[in-house]
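Colleague: Spelled out, the chains give:
2 protein chains.
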Amino acid sequence: MAGEPIVTAAALVIGDEILSGRTRDRNIDYIAGHLTRIGIRLKEVRVVADDEAAIVAAVNELRARHTYLFTTGGIGPTHDDITADAVAKALGVAIDIDARALELLQAYFKKRGVEPTPARLRMARIPHGAKLIRNAISVAPGFMLANVIVLAGVPEVMQVMLDDVTPLLATGSKLLTATIWLDCAEGEVADLFATHQQTFPDVAMGCYPSFSEGRVSTQLVLRSTDSARLAAARQDLEVKLKACGFL
Amino acid sequence: MAGEPIVTAAALVIGDEILSGRTRDRNIDYIAGHLTRIGIRLKEVRVVADDEAAIVAAVNELRARHTYLFTTGGIGPTHDDITADAVAKALGVAIDIDARALELLQAYFKKRGVEPTPARLRMARIPHGAKLIRNAISVAPGFMLANVIVLAGVPEVMQVMLDDVTPLLATGSKLLTATIWLDCAEGEVADLFATHQQTFPDVAMGCYPSFSEGRVSTQLVLRSTDSARLAAARQDLEVKLKACGFL
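Here the protein sequences come in this chain order: A and B.
Position one of the first sequence corresponds to residue 1 (our numbering), numbered consecutively onward.
Position one of the second sequence corresponds to residue 1 (our numbering), numbered consecutively onward.
Some clues are possibly wrong.
For chains that are exact copies, the list does not tell them apart, and a pair is met inside one copy or across any two.
[Stated by the list, open to error] Straight-line alpha carbon distances no greater than 25 angstroms define the calculated DMTMM-like cross-link-like pairs of lysine to aspartate or glutamate that follow:
#, residue 1, residue 2
1, K131, D96
2, K110, E188
3, K174, E4
4, K110, E213
5, K174, D236
6, K111, D202
7, K89, E61
8, K131, D85
9, K131, D183
10, K111, D191
11, K240, D202
12, K110, D191
13, K111, D183
14, K174, D51
Since the hints were made in silico from the structure, they are not lab data.
Take the sequences, apply the hints, and build the full model.
Modeller: Okay, here's the thing in structure tokens:
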């Protein structure tokens, strides 16, 4: 809607295992879809190694540039989990065992008969001044510090944390989408589609080919925050496509 | 092996459709695995929108920092395909219809009875001085310009292009991996594993939890370019794990 602010975000995926190809990231796609639905534009994503300097540099660059920065990964109990400390360093705040997180973890460990080892208690290390983000699966919390939202890397845990933090987020105008599927190669409609873009310069347009079972198809995608403009652009495109025998 | 160089790379995924959650990226994981196998370290990945300024900035930052930069997406026939022009701009070289690419495309179009429309011929736009990368699926080539390797976004096409360019790449020492699977939570082995890291500071170690069908398991991953050190670190870790009843 006109007048609604544009809220932007970046995502930072932290983990050697993604960069080595050992683990396939399942969080980027989930975060992208979730943010689009609630009216936050994901503008860029980075994947960096478990390397403090790389994390600190990326956190500071991305948090300055967007309304929110979401990080995933590196908040577990093992020595390669350095995200909380790196985020504290990036924001210049102290980090220590957090009384609220400690209480949550101790209650959870007690109930399950698990020993609160120093490694496990590392998961209660939270930068000073952060809000905790609830982890409904395995208790060890994420946190939000200024505009940086620190989530787990395990997709199921990341997802419940994202649900928990969502009500705290400012959201803006939602990007609406219209998609038209065609049974032809994108090259066949490219000129028509380029002309259509010129007719509706305020509507973002993308063309996506796919190959499946030896057949080629094309999706024309229109995006706008203005539902009336989107409907007009879609209708006009359908007329053009029908006139040329594509629909 | 000692003495072999370390060759690093970055990947740049270009496309609004990934950032909106419309399309799930399938290239990062594939490129990560491929580069690891051939002895190139993928150090960072970025995803940016179909936005010239964003592409140019990312290309220049990443190509300066690594031996190679691989890009995916944005080289099709439609108006939102701006990667070739953005890469030419980033590297400060001219771009035009390339005679070699034009010949490939015209032969292909002729054989298939497809009209060589201006949009389709956009796919022959290649920056001056670039090597063409063969596309064994749909002919329209990728290219390599200086250390920037421009690949298609459609995964099947990206994969054949990556195979084609691989013999041209300098490769370095391969990162070897040993993985130990445990039927316990990562918190249980975290202290033991941190101690092990101190014993073998030259071997990179990561711990990856997973949840499946209500059961928790943990993978301990050791990484080194030195096979003897890796074997020693693995053997010593297995001894420690057995002594504590984890194996």
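Colleague: Which earlier hints turn out false for this structure, listed by number in ascending order?
Modeller: 6, 9
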